[in-house]
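The listed protein sequences derive, respectively, from chains C and D.
Everything in the first sequence is counted per the UniProt record's numbering, starting at 1 for the first residue and increasing by one.
Everything in the second sequence is counted per the UniProt record's numbering, starting at 1 for the first residue and increasing by one.
None of these hints come from the bench; they were simulated from the model.
Note that the structure is a prediction, hence the values are computed from the model and not measured.
Think of the CB as a built atom: it goes at the ideal place given N, C-alpha and C, for glycine as much as any other residue.
Please note that a few of the clues may not be correct.
[Stated by the list, open to error] So the derived list for chain D, only partly shown, Cβ under 8 Å to chain C, looks like this:
#: 1; residue: 55
#: 2; residue: 59
#: 3; residue: 114
#: 4; residue: 118
#: 5; residue: 135
#: 6; residue: 137
#: 7; residue: 139
#: 8; residue: 140
#: 9; residue: 167
#: 10; residue: 254
#: 11; residue: 257
#: 12; residue: 260
#: 13; residue: 262
#: 14; residue: 266
#: 15; residue: 269
[What the hints assert, rightly or not] In silico EDC-like cross-links for lysine to aspartate or glutamate, where the CA-CA straight-line distance does not exceed 20 Å:
#: 16; chain 1: C; residue 1: 116; chain 2: D; residue 2: 225
#: 17; chain 1: D; residue 1: 49; chain 2: D; residue 2: 66
#: 18; chain 1: D; residue 1: 135; chain 2: D; residue 2: 98
#: 19; chain 1: C; residue 1: 116; chain 2: D; residue 2: 238
#: 20; chain 1: C; residue 1: 173; chain 2: D; residue 2: 67
#: 21; chain 1: C; residue 1: 173; chain 2: D; residue 2: 237
#: 22; chain 1: C; residue 1: 173; chain 2: D; residue 2: 165
#: 23; chain 1: D; residue 1: 140; chain 2: D; residue 2: 250
#: 24; chain 1: C; residue 1: 173; chain 2: D; residue 2: 66
#: 25; chain 1: C; residue 1: 173; chain 2: D; residue 2: 116
#: 26; chain 1: C; residue 1: 116; chain 2: D; residue 2: 89
#: 27; chain 1: D; residue 1: 135; chain 2: D; residue 2: 50
#: 28; chain 1: D; residue 1: 140; chain 2: D; residue 2: 67
#: 29; chain 1: C; residue 1: 173; chain 2: D; residue 2: 64
#: 30; chain 1: C; residue 1: 173; chain 2: D; residue 2: 98
[What the hints assert, rightly or not] Quick look at which bits of chain D chain C covers, simulated, 3 or more residues with Cβ under 8 Å:
#: 31; region: 61-72
#: 32; region: 147-158
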Amino acid sequence: MPGMDRLNSVLRRVPAWPIYAIAAAYAAWRFWLAVTGQLGPDPVDRLTADSGTLALQMLIAGLTISVLRKTIGLNLLRYRRAIGLTAFFFAAAHFLVWLLLDLALRWDQILADLSKRPFVMIGMAALLLLLPLALTSNNMSLRRLGALRWRQLHWLTYPAVLLAALHHLIGVKVVTAAPVAYLAATVLLLVARPALMRRRS
Amino acid sequence: MTLGHWDVTPKDLFLNRRRFLAAAGAGAGLGLAGFSPARAAADLTPTPKDAVTSYNNFYEFGTDKEDPARNAGSLTLSPWSVEVGGLVERPGTYALADLLTGLTVEERIYRFRCVEAWAMVVPWNGVPLAAVLEKVGIAKGARYVAFETLYRPEEMPGQASPILDWPYREGLRLDEAQHPLTLLATGLYGESLPPQNGAPLRLVVPWKYGFKSIKSIVRITLTADQPPTTWNQMAPEEYGFYANVNPAVDHPRWSQASERVVGSGLFGGRQDTLPFNGYETEVAGLYAGMDLRQNY
Numbered sequence: 001m002p003g004m005d006r007l008n009s010v011l012r013r014v015p016a017w018p019i020y021a022i023a024a025a026y027a028a029w030r031f032w033l034a035v036t037g038q039l040g041p042d043p044v045d046r047l048t049a050d051s052g053t054l055a056l057q058m059l060i061a062g063l064t065i066s067v068l069r070k071t072i073g074l075n076l077l078r079y080r081r082a083i084g085l086t087a088f089f090f091a092a093a094h095f096l097v098w099l100l101l102d103l104a105l106r107w108d109q110i111l112a113d114l115s116k117r118p119f120v121m122i123g124m125a126a127l128l129l130l131l132p133l134a135l136t137s138n139n140m141s142l143r144r145l146g147a148l149r150w151r152q153l154h155w156l157t158y159p160a161v162l163l164a165a166l167h168h169l170i171g172v173k174v175v176t177a178a179p180v181a182y183l184a185a186t187v188l189l190l191v192a193r194p195a196l197m198r199r200r201s
Numbered sequence: 001m002t003l004g005h006w007d008v009t010p011k012d013l014f015l016n017r018r019r020f021l022a023a024a025g026a027g028a029g030l031g032l033a034g035f036s037p038a039r040a041a042a043d044l045t046p047t048p049k050d051a052v053t054s055y056n057n058f059y060e061f062g063t064d065k066e067d068p069a070r071n072a073g074s075l076t077l078s079p080w081s082v083e084v085g086g087l088v089e090r091p092g093t094y095a096l097a098d099l100l101t102g103l104t105v106e107e108r109i110y111r112f113r114c115v116e117a118w119a120m121v122v123p124w125n126g127v128p129l130a131a132v133l134e135k136v137g138i139a140k141g142a143r144y145v146a147f148e149t150l151y152r153p154e155e156m157p158g159q160a161s162p163i164l165d166w167p168y169r170e171g172l173r174l175d176e177a178q179h180p181l182t183l184l185a186t187g188l189y190g191e192s193l194p195p196q197n198g199a200p201l202r203l204v205v206p207w208k209y210g211f212k213s214i215k216s217i218v219r220i221t222l223t224a225d226q227p228p229t230t231w232n233q234m235a236p237e238e239y240g241f242y243a244n245v246n247p248a249v250d251h252p253r254w255s256q257a258s259e260r261v262v263g264s265g266l267f268g269g270r271q272d273t274l275p276f277n278g279y280e281t282e283v284a285g286l287y288a289g290m291d292l293r294q295n296y
């Protein structure tokens, strides 16, 4: 596909750093709105919901990258690290809003949530799975671990996204289209990837 | 009909809460010895009106908190009638004004606690449900009161999706319905109820989670048996029929021990949730001998 080749060669000149800049600026802007009372009467709930949803969306976006390359030949691999780290950034923000602003360090309640509520435990598990991925999303870690071990470690993305989508779905009060769509997209992408790999080999 | 001056507490009364408290305290005679709804209002600072009217759960108009304020404006409030039936002595379809005529609209400043663990304080205007029930006459054998919200998908866009089993239904045990704290609200902050808050007529049961306080009521039925209620039908293990605010009984997915105070800002933190939402003295007797862990 010559069109796609041209697009890929244009994309080679588009750097990934704006993704970090936009994510950081967006988070700072939302936080500022929340501080100044411009996110409605329950800013904690808004920040919790928005950061969680964004994290999930970025995680799913990360999953699409290899699928897009194998299906339509679009090469976005160089953005995957930025997308993954941004997803972790919003997931961590989601966790911190919950810990510091929502539960406001009420440790008895926090520990009870973490020890007996599957909904919270699943979300926490997703974040913990993402942590080593975020810590090793740099060239030095890639060199130190070696490509194969690094790649194997980063397979943790798949269970993490699945848990995140599940956390989102079972966290809602009534099931609407969005959380179902996120979970469906996640499952589809998880199934598509190995199928596409097999077709190649 | 339109809601006019008659349905609100005179402005000088609700603007001067101290005087109102004194007045209500003096004329308490509300059917329960030593009980005064005004005493329950002591030390409560109402949540700002714009928060009360812009942060709503009213799934008939969408599931986001902002949806009702955005979508409820087109709800036709007049004419409005309420079908009163079942075990009552004077059943019939009452125009809203007829249902309320002769009754005194009072201001009640109540805590409001959502099952989602957030809380407000709302200055309601309304009439005791007991007075309305007395008006229509409670027939022998009545033990429960069932309520139904308007079903009008062309004006209530949320009803287009089957997220809940429409129309929304709620219910109370008769003694709960007759309790002097139980209010049929027609206004808040001294003005007609905004549509997003359940205009023109809604229930307010301040010691129960907010979902019990059904909005935009078109049907009141007295029954012998416990009526089905929407959230209880949808997820019985999460939402009980009683749904009394209880910090000791958690929702399966979150703790009910504390609550976010809506309007308190990003760093407002939480406050402890009180048994029966702070109305324990007034209502605990209704549940004497009941296991509140079983009957959540």
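Checked hints:
For residue 55(D), the suggested interface contact is upheld, since its CB lies about 5 Å from the closest CB of chain C, less than 8 Å. Annotation: residue 59(D) was flagged as interfacial toward chain C, and the flag holds, the nearest CB pair being 7 Å apart, inside 8 Å. At its closest, the beta carbon of residue 114(D) sits 10 Å from a beta carbon of chain C; the interface hint therefore is violated under the 8 Å criterion. Satisfaction of the interface hint for residue 118(D) is found here, the shortest Cβ-Cβ separation to chain C being roughly 6 Å, below the 8 Å cut-off.
At its closest, the beta carbon of residue 135(D) sits 36 Å from a beta carbon of chain C; the interface hint therefore is violated under the 8 Å criterion. A least Cβ separation of about 37 Å between residue 137(D) and chain C goes past the 8 Å threshold, and the interface hint is therefore violated. Nearest Cβ of chain C to the Cβ of residue 139(D): about 36 Å, over the 8 Å cut. The hint is violated. Annotation: residue 140(D) was flagged as interfacial toward chain C, and the flag is violated, the nearest CB pair being 39 Å apart, outside 8 Å.
At about 15 Å, the closest approach between the beta carbon of residue 167(D) and any beta carbon in chain C exceeds 8 Å, and the interface hint on this residue is violated. Checking residue 254(D) against chain C by beta carbon gives a least distance of about 7 Å; that is within 8 Å, so the hint holds. At its closest, the beta carbon of residue 257(D) sits 6 Å from a beta carbon of chain C; the interface hint therefore holds under the 8 Å criterion. Interface restraint check for residue 260(D): the shortest CB-CB distance to chain C comes to about 6 Å, inside 8 Å, so the restraint holds.
Nearest Cβ of chain C to the Cβ of residue 262(D): about 5 Å, under the 8 Å cut. The hint holds. A cut of 8 Å between beta carbons decides the hint on residue 266(D): the least distance to chain C is about 5 Å, and the hint holds. Hint status for residue 269(D): holds, given a least beta-carbon distance of 4 Å to chain C, under 8 Å. Between residue 116(C) and residue 225(D), the direct Cα distance comes to roughly 35 Å. Violation of the 20 Å bound is thereby established for this hinted pair.
The hinted pair formed by residue 49(D) and residue 66(D) meets the criterion: a straight-line CA distance of about 14 Å does not exceed 20 Å. Proximity of residue 135(D) to residue 98(D) is assessed by CA-CA distance (about 10 Å); at most 20 Å being required, the pair is judged to hold. A threshold of 20 Å between alpha carbons decides the hint, and for residue 116(C) with residue 238(D) the separation of about 15 Å falls inside it, so the pair holds. With a C-alpha separation of about 16 Å, the suggested pair residue 173(C) and residue 67(D) falls inside the 20 Å cut-off, and the hint holds.
Restraint check: the Cα-Cα separation between residue 173(C) and residue 237(D) comes to about 13 Å, which is no more than 20 Å; the hinted pair holds. Only pairs whose Cα atoms come within 20 Å are accepted, and residue 173(C) paired with residue 165(D) is accepted, the gap being roughly 14 Å. Among the hinted pairs, residue 140(D) with residue 250(D) is inconsistent with the structure: their alpha-carbon atoms are about 37 Å apart, more than 20 Å. With a CA separation close to 16 Å, the supplied pair residue 173(C) and residue 66(D) stays within the 20 Å bound.
Distance check on the hinted pair: residue 173(C) and residue 116(D) sit about 9 Å apart at the alpha-carbon level, within 20 Å; holds. For the hint linking residue 116(C) to residue 89(D), the alpha-carbon distance of about 50 Å lies beyond 20 Å, and the restraint is violated. Taken as a hint, the residue 135(D) and residue 50(D) pair is broken in the structure, with Cα atoms around 34 Å apart against an allowance of 20 Å. A C-alpha spacing of about 42 Å is found between residue 140(D) and residue 67(D), which places the hinted pair above 20 Å, so the restraint is violated.
For the proposed pair residue 173(C) and residue 64(D), the alpha carbon gap of about 11 Å is at most 20 Å, so the pair holds. As the CA atoms of residue 173(C) and residue 98(D) are separated by approximately 37 Å, the hinted pair breaks the 20 Å bound. Coverage of the region 61-72 of chain D by chain C holds in this model, with 3 residues showing a Cβ closer than 8 Å to a Cβ of that chain against a need of three. Note: the region 147-158 of chain D has 0 residues with beta-carbon separation from chain C under 8 Å; the three-residue rule is not met and the coverage is violated.
Checked against the numbered hints above, the structure violates hints 3, 5, 6, 7, 8, 9, 16, 23, 26, 27, 28, 30 and 32; every other hint is satisfied.
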